[in-house]
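**Q** This is what each chain is made of:
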Amino acid sequence: MGRQLLINDLDKEGIATLAGYKANGGYAALEKALKMKPEEVVSEVQKSGLRGRGGAGFPTGLKWSFIAKPPGVPRYLVCNADESEPGTFKDRYLMQRKPHILIEGMIISSFALGANTSYIYIRGEMMYQFHILEKAIQEAYDAGYLGKNILGTGYDLNLYVHCGAGAYICGEETGLIESLEGKRGNPRIKPPFPAVKGVWQCPTVVNNVETLAAVVPIIDMTGDEYAKIGVGKSTGTKLISASGHINKPGVYEIELGVPVEEFIYSDAYCGGIKNGKKMKAVVAGGSSVPILPTELILKTAKGEPRLMSYESLNHGGFITGTMLGSGGFIVMDEDTSVVKNLWNFTRFYHHESCGQCSPCREGTGWMEKILHKFLDGHATVKDIDLLWDIQSKIDSRTICPLGEAAAWPVASTIRHFRSEFEEYINKGESFKDVKHYFRVNNLQPA
Amino acid sequence: MAEIKPIKFSDEALALSHKIMKRYPEGKQKSAILPVLHLAQAELGGWLSAPVMDYVASLLSIQPVEVYEVASFYSMYNLKPVGKCVIEVCRTGPCWLMGAEDLVKFIEKKLNIKEGQTTADGMFTLKTVECLASCGTAPMMQIGETYHENLTFEKCSDILDSYKAKGENVSHWRKERITNHSDIKQ
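Protein sequence lines correspond, in order, to chains A and B. The opening position of the first sequence corresponds to residue 1 in our numbering, with each subsequent residue numbered one higher. The opening position of the second sequence corresponds to residue 1 in our numbering, with each subsequent residue numbered one higher.
These aren't lab readings, by the way, just hints derived from the structure by calculation. A virtual CB, placed ideally from N, CA and C, is assigned to each residue, including glycine. A couple of the hints might just be wrong.
[Stated by the list, open to error] Residues from chain B shown here face chain A by an in silico Cβ test under 10 Å; the list is partial:
{"#": "1", "residue": "P25"}
{"#": "2", "residue": "K28"}
{"#": "3", "residue": "A138"}
{"#": "4", "residue": "W173"}
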């Protein structure tokens, strides 16, 4: 196991409370940051090479540097805790076990950005974690880490938790901002970007939970030291949510650059495939990223071992590569029907499309219907072409990336598993009732 | 005709909704709509009828249509009556890979209802929902604020029996939270 910076001390007693968190070095980074100038904090984050951990991987320091500073206009930091990408559960895990690292990271980041009010936008379904955060925030107020004149420095910050109400699209930053304003979560046309006109038309930075938490170790150890961890432009550590047909599902913190093969088969991580089965495919970064068959997830098309890093997973582009995304690592064994899995994902995107843009609103529905035709045994070869055509007409033709998120799984499943679509066509209705997906052995009829 | 009860928050819920509104800048109280609707759903019968939404609109000093358009967008708001206990089974991606489809069929059989329906005794409503960020402990279901994880048929059956034995209303925003809600100093 490599170094862990975020979840290294979850076994320490009371780490979810302020006292336990402080006893393990918590809030030292905040004291250090408040003695620095805000621009020095931004500079440390730039030096660290930290990239957005929510999925897009955009450099955090650069994003912060875009924030507009018109005089007399308040600026806001909003934490994106609307974790909804299928396969991703690291933020919920972190907020539940160690809420103060997020709060400390938010205070430091708000100070760096010059925000005096900040919000944590949490999924409505995570009401349990919502209350954990409220309690932790109260502790931070009582200890003088929040409120007026924080630690006697003259810096004021109010931090609030805001709950959503069930909508994947609110994880998109402008959808989230609309939702925070009390509206439907329809993403906005950019520009203007949130850094110029965000919540209530004020300059706003939206960052993922893990990104803001990572600011704490960066300030603790300095940006230069943080940048030494990892590989190339993939610096630091990353929380990976591992799920599917593996022996040890859960949240793992890895140093970026661990070989994918080691991550899947080592007992330190996923512990190999359940029931001694063979692996068929992996969705490496949440449901939106391209699915890869075993041979391409373990090695790049050039035959080099693939690593858990932004660049290595992306090696070969979308023809033979994929993305690190949010780190939602979904493993499928040899019994899985990737066509049915694709139908499941597509149904999800159809359900979650906000309906603003026709290509996404209509296209996701049509793709779901066509995939259903495959499952029912009524599809023809033309339907594969039709699916390909629809996905290519959604990709890059929508206001927000939900369109791409819906298109990429379709494109990649056809690209890498075309023969399986053909099997559905050739076997027709006789294939319909075959249990061609993984049966979980712990799900026994009572 | 049955007597129509006036729709009104309890004093605690009303105080809490005002506290929530204060979390947003002056004049931006509309931002409180999502949390206040959660509160309304928990306090006023488990679902959002038009009169309940109108009441929320009056609390926030906004037009009723602004509440309707929001309530109909988000999946957590019930726009028709539900049972005391809403079972939300995750059906997406990893949960599907781990057998969520079979789990839903099992619950349908056990409770003798179909997805989206409520049992005749008004105890349970069965819903399927999208990814609840609990993929490592799939399959799972949410009841109120509680996640029930790593489910087997047997475990699921026991859990449902225990809710039935208690017979209580379960909502995302638990009643006791309303009074215990931390009074954050500003």
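**Q** Taking the hints in turn, state whether each one holds.
**A** Consistency of the hints with the structure:
Annotation: P25 (chain B) was flagged as interfacial toward chain A, and the flag holds, the nearest CB pair being 6 Å apart, inside 10 Å. With 10 Å as the threshold, the beta carbon of K28 (chain B) comes within range of chain A, its nearest partner Cβ sitting at about 6 Å, so the hint holds. Satisfaction of the interface hint for A138 (chain B) is found here, the shortest Cβ-Cβ separation to chain A being roughly 6 Å, below the 10 Å cut-off. Because the closest C-beta pair between W173 (chain B) and chain A is about 6 Å apart, less than 10 Å, the hint holds.
In this structure, none of the earlier numbered hints is contradicted; all agree with it.
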